[in-house]
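Protein chains: 2
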Amino acid sequence: MKLTILFGGASFEHEISIVSAITVKGKLAGFDLDFIFCDQDHLFYLIDSSSMKAVTFSKGLHKKMPQLSLTNGGFVQKTLFSSVLHTGTVLNLIHGADGEDGTIAALLDFFSIRYIGPRVDASVFSYDKRYTKWLCSARGVKSVAHEELSLSEHKNINIQYPVIVKPACLGSSIGVSIVKEDSELSYALDSAFEYDKNIIVEPFLNGVKEYNLAGFMADGKMYFSIVEEPHKEEFLDFEKKYMDFSRSEQVLKADVDEELELKLRINFEKIYRNLFEGSLIRCDFFVVDGEVLLNEINPIPGSMANYLFADFKESIALLANSLPHTKRVKVNYEYIHSISKAKGK
Amino acid sequence: MKLTILFGGASFEHEISIVSAITVKGKLAGFDLDFIFCDQDHLFYLIDSSSMKAVTFSKGLHKKMPQLSLTNGGFVQKTLFSSVLHTGTVLNLIHGADGEDGTIAALLDFFSIRYIGPRVDASVFSYDKRYTKWLCSARGVKSVAHEELSLSEHKNINIQYPVIVKPACLGSSIGVSIVKEDSELSYALDSAFEYDKNIIVEPFLNGVKEYNLAGFMADGKMYFSIVEEPHKEEFLDFEKKYMDFSRSEQVLKADVDEELELKLRINFEKIYRNLFEGSLIRCDFFVVDGEVLLNEINPIPGSMANYLFADFKESIALLANSLPHTKRVKVNYEYIHSISKAKGK
Chain A
1 MKLTILFGGA SFEHEISIVS AITVKGKLAG FDLDFIFCDQ DHLFYLIDSS
51 SMKAVTFSKG LHKKMPQLSL TNGGFVQKTL FSSVLHTGTV LNLIHGADGE
101 DGTIAALLDF FSIRYIGPRV DASVFSYDKR YTKWLCSARG VKSVAHEELS
151 LSEHKNINIQ YPVIVKPACL GSSIGVSIVK EDSELSYALD SAFEYDKNII
201 VEPFLNGVKE YNLAGFMADG KMYFSIVEEP HKEEFLDFEK KYMDFSRSEQ
251 VLKADVDEEL ELKLRINFEK IYRNLFEGSL IRCDFFVVDG EVLLNEINPI
301 PGSMANYLFA DFKESIALLA NSLPHTKRVK VNYEYIHSIS KAKGK
Chain B
1 MKLTILFGGA SFEHEISIVS AITVKGKLAG FDLDFIFCDQ DHLFYLIDSS
51 SMKAVTFSKG LHKKMPQLSL TNGGFVQKTL FSSVLHTGTV LNLIHGADGE
101 DGTIAALLDF FSIRYIGPRV DASVFSYDKR YTKWLCSARG VKSVAHEELS
151 LSEHKNINIQ YPVIVKPACL GSSIGVSIVK EDSELSYALD SAFEYDKNII
201 VEPFLNGVKE YNLAGFMADG KMYFSIVEEP HKEEFLDFEK KYMDFSRSEQ
251 VLKADVDEEL ELKLRINFEK IYRNLFEGSL IRCDFFVVDG EVLLNEINPI
301 PGSMANYLFA DFKESIALLA NSLPHTKRVK VNYEYIHSIS KAKGK
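Residue numbers (this note's numbering), protein chains in the order written: chain A, 1 to 345; chain B, 1 to 345.
Treat the hints as calculated values from the structure; they're not laboratory data.
Fair warning: there could be bad hints in the mix.
Since the list gives no way to pick out one identical chain from another, each pair is judged satisfied if it fits inside one copy or across any two copies.
As the list claims (entries may be wrong) - Using 27 Å as the maximum straight-line C-alpha spacing, the simulated DSS-like pairs for lysine-lysine come out as follows:
| no. | residue 1 | residue 2 |
| --- | --- | --- |
| 1 | K221 | K253 |
| 2 | K64 | K330 |
| 3 | K155 | K142 |
| 4 | K78 | K64 |
Note that the structure is a prediction, hence the values are computed from the model and not measured.
Pulled out of the complex, with its shape left as it was, chain A reads as follows:
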């Protein structure tokens, strides 16, 4: 199986993406892997497998490696006298901006490069937490109540304390605060607005059960991971999440009964089907009084949630062989021809 791991990006999760790529490399041993790094200036580099270490990037050593550019059908490596086209299927592992906001998806679509990862529309609905709420509501999936605030418009919050304040478009807990009383609110809003001009405020649900479920579709059939109960803390801060992205040991299945597991799968599928095809996503759920609420969608989960799959390599292979393909429209200039004819030209 040939696969090109695309990672990096101009994002707050740039470093996390590097850690993810290194982890996935370890989990896909035996695959024929290429590595393409997108640096913070949006330049692409072909990274030698043996250089896949965090320090390669933090020290800027990647700049000495071959630069690539996008062209129809792949990434091209040009030298003075020749050019090599890298046509492999891409695994989009750029977390956060660029990778999860639809930019990389659009680039790969435009240049007809096959890829594992969310398409443009799926990206928009998972990247911005406001739009995830709209998706839930349209598809009959419950989610936590919320209010939307924007920098350009001031309004009061009607949700009772404690609340959780989140930038609309960032993952990995960046800019997130729990606010227990009025005096803490303004600082929390400022912190969130530092990262995003839109934020959401939700009631902070204490003592809620959390379950993560990953999955994907191949040949019209859903494949689910085991259900995981993530570490119990108020929430993971950035440094803990950072370490979390390098997870590679398979976790134990959470202690959930069949009925709850089925409910989680049904909600996952409502979100996934007819939107997330081509991607392996992780949905993070809350369970309150037996009711399942979607918390967030990770369309490119850290290290591809490898630790949730009994056979991660087989899962990636299945998905890679079942990617949506976009039919490119053919133009025949029928109307211009008929109008030119009518004009006698």
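Assemble the complex: chain A is given as a structure, and chain B must be docked to it using the hints.
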């Protein structure tokens, strides 16, 4: 004022985009205009102003003109010994796929090129009529009732005849049918599914009033066009719409009272604000018993709806000088450095 008109694209509206570009060229006389054509194979060409005629493209003459490619900061024209970078602000005039689905927006964002046109998220919400409904519902804008059908899932329609069947993602009336009775339904569904794997079905509202309103935001202030009452026919078929895209004469203001005009503007602004910044859009409304319903959003209206603006050139200049700019994240490898240090490396 310097501006690069980007047109063409691999879309059912490719030819319409050519007509649009030729029309806009005429309306922006006095501007310093460049023309970049995206052909159906996603190759870019720099088109000489004097060659801006429909036959240039239908005869394939553009292939003899300089080819361009995307690079950080603009479109680059490479010759054997030199390269010229075209850095001008782009007016995205690619209708339909590529231009309105978020692809071109993502490309221009990624390569840090300033442009007039919908951003990626705005594109997704206007390109797919299902998502437009979700947007309306989240923002308190009324729209026509609808049901969603997809190729992969069969279900019955509960809306009473007559209904209108539309592919979810196509403009210019392509694949649209009005169905008056059960016997006509299956053909209409087949026609729509030929263009899209998702379709929407709405009640066909007879004798409804239609009003179009265009507008944009500059320096935080909304600018509106006059309200137009479009030609009264069952609906415009593709050929009529095609001719419609070459409109350049200013139309007369529709006979609407101040109250209705205000209602239309309020609904327009609810849709526009905090989503469509950077673009000039046209919203097409229905009015039923004094109630305003959004029918569709044209984020890149035919010939930029020039005929609705008293001073089209001034409008474009205002907008071009008030484009959103994306802050690119700076990466400092803080976490990798601190982890490397902790490891003693």
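- Query: Can you name, in rising order, the numbers of the hints this structure does not satisfy?
  - Reply: none
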